[in-house]
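2 protein chains.
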Amino acid sequence: MAALAKEPVVKNDVESTTSYFKHSIYQKLAANVAKDAVEEAITKKLDVKFLLSTSNNTIRLADLGCAVGPNTFTSLQSLIDTIKNKCQCPDFSSMPEFQVYFNDQPSNDFNTLFTSLPVQKEYYAGGVPGSFHGRIFPSNYLHVVQCNYALHWLSNLPEELEDNNSPAWSKGKIHYANAPDEVLKVYARQWAKDFNDFLNARAKEIVPGGLLIVVMPSIPDGMPYSELANGILYNCFSSVLLDMAKRVT
Amino acid sequence: MAALAKEPVVKNDVESTTSYFKHSIYQKLAANVAKDAVEEAITKKLDVKFLLSTSNNTIRLADLGCAVGPNTFTSLQSLIDTIKNKCQCPDFSSMPEFQVYFNDQPSNDFNTLFTSLPVQKEYYAGGVPGSFHGRIFPSNYLHVVQCNYALHWLSNLPEELEDNNSPAWSKGKIHYANAPDEVLKVYARQWAKDFNDFLNARAKEIVPGGLLIVVMPSIPDGMPYSELANGILYNCFSSVLLDMAKRVT
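Chain order of the listed sequences is B and W.
Counted the way the numbering used here counts, the first sequence spans residues -13 to 235.
Counted the way the numbering used here counts, the second sequence spans residues -13 to 235.
A few of these clues could be false.
Said to hold, decoys possible - In silico DMTMM-like pairs for lysine to aspartate or glutamate, Cα to Cα no more than 25 Å straight-line:
{"hint": "1", "chain 1": "B", "residue 1": "Lys171", "chain 2": "B", "residue 2": "Glu148"}
{"hint": "2", "chain 1": "B", "residue 1": "Lys171", "chain 2": "B", "residue 2": "Asp183"}
{"hint": "3", "chain 1": "B", "residue 1": "Lys179", "chain 2": "B", "residue 2": "Glu148"}
{"hint": "4", "chain 1": "B", "residue 1": "Lys31", "chain 2": "B", "residue 2": "Glu108"}
{"hint": "5", "chain 1": "B", "residue 1": "Lys35", "chain 2": "B", "residue 2": "Asp67"}
{"hint": "6", "chain 1": "B", "residue 1": "Lys190", "chain 2": "B", "residue 2": "Asp207"}
{"hint": "7", "chain 1": "B", "residue 1": "Lys30", "chain 2": "B", "residue 2": "Asp67"}
{"hint": "8", "chain 1": "W", "residue 1": "Lys107", "chain 2": "B", "residue 2": "Asp183"}
{"hint": "9", "chain 1": "W", "residue 1": "Lys31", "chain 2": "W", "residue 2": "Glu108"}
{"hint": "10", "chain 1": "B", "residue 1": "Lys30", "chain 2": "B", "residue 2": "Glu108"}
{"hint": "11", "chain 1": "B", "residue 1": "Lys107", "chain 2": "W", "residue 2": "Asp183"}
{"hint": "12", "chain 1": "W", "residue 1": "Lys190", "chain 2": "B", "residue 2": "Glu108"}
{"hint": "13", "chain 1": "B", "residue 1": "Lys190", "chain 2": "W", "residue 2": "Glu108"}
{"hint": "14", "chain 1": "W", "residue 1": "Lys107", "chain 2": "B", "residue 2": "Asp180"}
{"hint": "15", "chain 1": "B", "residue 1": "Lys157", "chain 2": "B", "residue 2": "Glu145"}
{"hint": "16", "chain 1": "B", "residue 1": "Lys107", "chain 2": "W", "residue 2": "Asp180"}
{"hint": "17", "chain 1": "B", "residue 1": "Lys232", "chain 2": "B", "residue 2": "Asp149"}
{"hint": "18", "chain 1": "W", "residue 1": "Lys157", "chain 2": "W", "residue 2": "Glu145"}
Derived from the structure by calculation, the hints contain no laboratory data.
Using the sequences and the hints given, assemble the complete structure.
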């Protein structure tokens, strides 16, 4: 489990060679792995007719931690296609309307997101700025919520990691690979609290019978954190950052 | 009635000395003029208890053509305060939740809007990118919709105005003050079509018993367009623009 405090996302134009829009293939692959399981859950478990009976014939979906696209567009369209397939049986007199919410931190580049929306989209789109660790929607409101490759971000950096008098001082590192147990525990405690807050908020926002889809990185039981590819990468980053910091002091 | 095709709004940071955020006092004054009438309409005509009975205790408001603030925040908060006042009588067992949508063209600076949202807001905020001349919300969805000082923008520039073979050619002008009748008619026809589209879309999106508030510039009957302050201003602009264009050709 990677666990780093999320910094405000910088504005990155679709056309920029360094943009997330062009460099999110890893996240796309992760979402694709879960695609079959998600389709099966919608097909077998989501009672669309029941949901529509109390929502004025509208299905409301949200992508939490959506960034700027294009993955958010393709994965949400895939959810809509699966729901529409279910609505083609004679039980349904008309196709429902779809309302789709794109959520991320207020500092996310919503301008890029909104100007990249598919031209022929089959839904009413909205952006919702705010942390998914708290409430961002009214009660009993959403039908299908996905959170793809985003729930590993922490709501904030635990203070102990930056306090050089604490046994959990992380000594300039930005990841817990090869870190002492105290550091690991502080990261784990923060993530557990954040995940609890996330679930409590969704429990209020999602209607009874709704669906919550979480796709996130994980590691096999027993694998040491020092072997994490992400950990090796971030430890390398932190060396580079420390070198850069030394040059300007 | 001013009537110009709306160009994409350029990004304008809150801190910039030329930003709309700092230069929208005229629009604020216009909205304030209508404040008493709006409060009276909500107090006397809006059946909040009836609206809540079919909306899961949530009141949904939208500001169409909201730009980047701060006027949109103050005017929407004022609507919410008036509705909350109505809910303090014993008829209401609990205060409703509020959902507020900020709408403007996809090219609007939603990044500035979202990062300027009031910290202590009492509502769930969302941004909706899209032209208010078409559908942007599901059917029977919104309870109170305002459109302050925005409905004078046209959906697009009628082709005849730019066609030098047409009697309605507007000869490099960007406003209809002092223009021939043919030009006036083309502007008027486009605005009538746009207003019709606006009303048809809202008729589907607003619930029965909902409220539509439109604040817009107008002129007294019989006043010649040549005396319009806006017209004089825009004719001056067009001279400046033509001079600039001549220098680069």
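Discussion item. Check the hint pairing B:Lys179 with B:Glu148 against an upper bound of 25 Å on the C-alpha distance.
Written reply: Within the cut-off at roughly 19 Å; holds.
Worksheet item: Given the proposed pairing of W:Lys157 with W:Glu145, does the C-alpha separation stay at or below 25 Å?
Response: holds, 13 Å
Item to complete: Measure nothing beyond the straight line between the CA atoms of B:Lys190 and B:Asp207; if it is 25 Å or shorter, mark the hint as holding.
Response: Given pair B:Lys190, B:Asp207 is violated - Cα atoms ~32 Å apart, limit 25 Å.
Discussion item. B:Lys190 and W:Glu108 were given as a pair; does the straight-line alpha-carbon distance stay at or below 25 Å?
Written reply: Holds, because 17 Å separates the two Cα atoms, which is no more than 25 Å.
Practice prompt. Given the hint that W:Lys107 pairs with B:Asp183, test it: the Cα-Cα distance must not exceed 25 Å.
Written response: holds, 20 Å
Practice prompt. Given the hint that W:Lys107 pairs with B:Asp180, test it: the Cα-Cα distance must not exceed 25 Å.
Written response: holds, 22 Å
Worksheet item: Keeping to a limit of 25 Å between CA atoms, is the pair of B:Lys107 and W:Asp183 held or broken?
Response: holds, 20 Å
Worksheet item: Can the restraint linking B:Lys30 and B:Asp67 be considered satisfied, given a maximum Cα separation of 25 Å?
Response: holds, 15 Å
Worksheet item: Keeping to a limit of 25 Å between CA atoms, is the pair of B:Lys35 and B:Asp67 held or broken?
Response: holds, 16 Å
Worksheet item: Between W:Lys190 and B:Glu108, does the CA-CA distance stay at or below 25 Å?
Response: holds, 17 Å
Worksheet item: Between B:Lys171 and B:Asp183, does the CA-CA distance stay at or below 25 Å?
Response: Holds: B:Lys171 and B:Asp183 sit about 18 Å apart, inside 25 Å.
Item to complete: Decide if the proposed pair is consistent with the structure: B:Lys232 and B:Asp149, CA atoms, cutoff 25 Å inclusive.
Response: holds, 20 Å
When each numbered hint is compared with the structure, a violation occurs for hint 6 only.
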